[in-house]
Amino acid sequence: MSAATASMPLTSKWDVWSWINGWSIGAAIVSAIVIVPIATVIFIGLTPNDDIWSHLASTVLPLYIATTLQLMIGVGLGTLVIGVGTAWLVSMCRFPGKRIFEWALLLPLAVPAYVIAYVYTDIFEFAGPIQSLLREAFGWTSKKEYWFPEIRSLGGAISMMTLVLYPYVYLLSRAAFMEQSVCMLEASRVLGRSPLRSFFSVALPLARPAIVVGISLVLMETLNDFGTVDFFAVSTFTLGIYDVWLNMNNVAGAAQLATTLLGFVTFLVLVERFARRKQRFHNMTAKYTALPGYELEGTRGYLATICCALPIVFGFIVPAGVLTGLAVLHFDSSTNADIFRFAGNSVMLSGLAAALAVAIGTFMAYAVRLGRGRLLGVLVRFASMGYAVPGAVLAVGVLVSLGALDNGIDGFMRENIGISSGLLFSGTIVAVTIGYLVRFLALAFGTVEASLGKITSSMDGAARSLGHGPLSTFRRIHLPLIRGSVLAASILVFVDSMKELPMTVILRPFNFHTLATYVHQFASDEQLGEASLAALAIVCFGILPVIVLSFAITRSRPGSPVEVQVS
Amino acid sequence: MKDLHVYGVSHFRGDKQILDNASLLVPAGELSCLLGPSGCGKTTLLRLTAGLERLQTGKILIDDLVVADENLHVPTELRGIGLMFQDYALFPHLSILDNVTFGIRGVSGTEARRRAMEMLDQVSMTDHASKHPHMLSGGQQQRVALARALAPLPKLLLLDEPFSGLDANMREQIREETLSVLKQSGVATVMVTHDPEEAMFMADRIKILGTNGRMLQTGRPHDIYFHPQHRLVAKMFGLMNRFESVVDGGYVDTPLGRLRAPEFEEGQQVEVLVRPEGVLLVSDGGDGVPVEVQSTHLLGHDNIVRVRLTNDIENDANKNELYVRVHHAFEPELSRMITAGVDSRYTFIYALKKNRAENTDPAIRADRSKLHSSKSMRLEIEP
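Which chain is which? The protein sequence lines are A and B, in order. Count the first sequence with the working numbering and you get residues 1 to 567, in order. Count the second sequence with the working numbering and you get residues 1 to 383, in order.
Next up, chain A with everything else stripped away, as it sits in the complex (with noise of 0.2 Å):
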């Protein structure tokens, strides 16, 4: 015992909580800066100010609510029938081109909404290709003589949303269907169950929280849209918060509309979280056998293959066509320097932000994987919350808090130095990289952790034992194991900032464009021809997450090394 009470000096500056701190800081410290916009938010929203608030309350209000709450229901059931069906029919029968289909529907994620919107305005509007044709064919000359739907109405904003983000829910609902015992199908079959029958009481209630989670996904995307709301003046929550933000210059109301728009987002994150807890509760199977595979033979077979090719024809192939053709067409006056360096710009502006959400999401998700404390896990999956909050309130409380350190700093320096620093961070690139950080983190963070999760901790405990502290550890054992899912994880972000609309448009420096601006800005003068290249250059990069997730969804099986988080 005398030699060990005199060794005790030697080993005590590894005190119980010396170690470990460290990286329990700097996680907390990276959740801050994530929680502070929308704290920010949330703090003006509520603090009392101008009569604002009745004032909103009695004008627009009802009308924002009325509108997102029927975007929601429409776009809601239209993925719904569209994403879950169409992942059936891949999943478990089949029928010519199934093997296509299976990635293929997943194209139209490539598709911003607004870019969709874009196309459909020109093919759809009155001078545009179809109802020339129309009334050429029939010698009407006006509007009056004949009705043709509007396509730039609150019908025509469901339309375009369905179209690109039903994949979210064929995705989730197609890992459900093939993570399901063929077993349990077959049951059913011999039970006396038909096809169909077993679909709707076995398939569907077992995928069930599976599809939960795919439309709260795209219903937060829907949420966030601005792009599209915009240019069909559908009067949303979002749009309400650009008009009373930037043509009301009232910052405010613009806060307390976004709060109440974190109310509905809150609804949503409870919804999905549940239906999460759910999914691991219903994946009680640990045996996974090929699907079963029905044969649909003849006008059968047709039939399914009309219906899967629908969905991707015109979210896809239509938009991407007509694009295509506008940039051939147009090609002298949209190639010019300024598209090249507005490229320039998307590129540096998401690589940026890509780098540094999968680093710092890739710390914390080490972070919590080295410490058990309870404090750290509930601050990360708040900083991992960015993903719900619509592109509008983040820009909101980004600048809102930017412009209160601006503020700070140059009084600071006035009182103490003298000079005035004046804005150092509103209205610069760092703000706009700050937005889509708090955004994009969760999707990197998520994909890393489920990757890491994969990571039996006898290999930690193996690389510990053999003398490596937690950061050679992490350098030599890790990162190597999960590189396919970083590099996963660094596309997404890449490509969502570069389609990112709303929070770019807030953000940005003034006479600063990026693709997305710049093709919002021109489209939206309905000069899609000149903007034509822009927009088919950030479908081509949205490809690259749809290569991403067709690799990962076809391995998708227990022990593949690639998992995404899809939200």
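Warning: the hint list may mix true and false statements.
[To be verified] In the BS3-like style, the derived pairs of lysine-lysine whose C-alpha atoms are separated by at most 30 Å in a straight line are: (1) B:K131 / B:K59; (2) B:K183 / B:K131; (3) B:K131 / A:K454; (4) B:K16 / A:K454; (5) B:K59 / B:K16.
Keep in mind the hints are simulated off the structure, nothing from the lab.
Given chain A, put chain B in place with the hints provided.
Frame of chain A, contents of chain B only:
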């Protein structure tokens, strides 16, 4: 003196007590086995020693240095231990050689590789040095894991169920090889297992943990088998014949005859456990009790024979079956009279009913209540 001392370690996970004041001493150069049923806390004790979990109460010393107590936690990587996991935890992205080199630090790359090859040579895996773990069989992976754990010359080696991933045929061979490698290296080793045979084979010293991580007995394999100090220890090696009786004049009466029980008080209720190999069957007369053979089961090198006591009037017929292990092919001739005797080396007597309040083990309590409700003499098949 590179040994391990564990003093009074108690551990809770939530409300559940995993370890209760467990202590342990593993001298340098010795192989100790922690043996116990699953969930008895033996793996937790190993993880606490390795520093993979934080110690709550007690003290752990390795090589006379405190590595953990209530407010000190030396990280795993500074404890100088080797650790081998149940799933081997070979790094899948590294070659076998790189896996073994991984822990050799503070020397040049060439020297590290030379030492790693030396280790691989000891486990006869040099031919596979450039392969990756997924290309090896379970037994080969086990050998690599052992080489990797020993390569940094640890002060203490911890093995967590090292053979449970192997199939039965392979296990014995690997066990033997592992033992010879460990003896060669002379490192103090703690091995966790739930297989008594494995512990008997490997260990210089066996430490048996009961539920809640109470240390039941420590001793050489011989002591554990022939002098189990606790009924649970006696029952670890498979099924037992069990009788209940009362001490009468320094003796207890069992259906197999009188047994000496000098250390018990007069009138003490006792439980008598007889190993199946402790029942001796004799054909053609002899001193024992007449029995009737019910069935025999050839297991290979020995036979399990179920017999029934014929002259027992007092008891319910179904309950007086005995299990007997016979070390040669046993073919009873039905006409002949067979008698059974008992070998006192395989017979253990434990007090019942004594210190009832002290005994809080729910398993024992349940067992006892079951006993009192049934007839006093019966056979129990212990799993």
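B:K16 paired with A:K454 [C-alpha distance capped at 30 Å] | 28 Å, holds
Does B:K59 lie within 30 Å of B:K131 when you go C-alpha to C-alpha?
-> Measuring from Cα to Cα gives roughly 42 Å; hence the hint is violated.
Restraint status (C-alpha distance of B:K183 to B:K131 at most 30 Å) = OK: B:K183 and B:K131 at ~27 Å, within 30 Å.
Is the Cα-Cα distance between B:K59 and B:K16 30 Å or less?
-> 20 Å, holds
Restraint status (C-alpha distance of B:K131 to A:K454 at most 30 Å) = Distance of about 23 Å is within 30 Å: holds.
Hint 1 alone, counting from the list given before, is not met by this structure.
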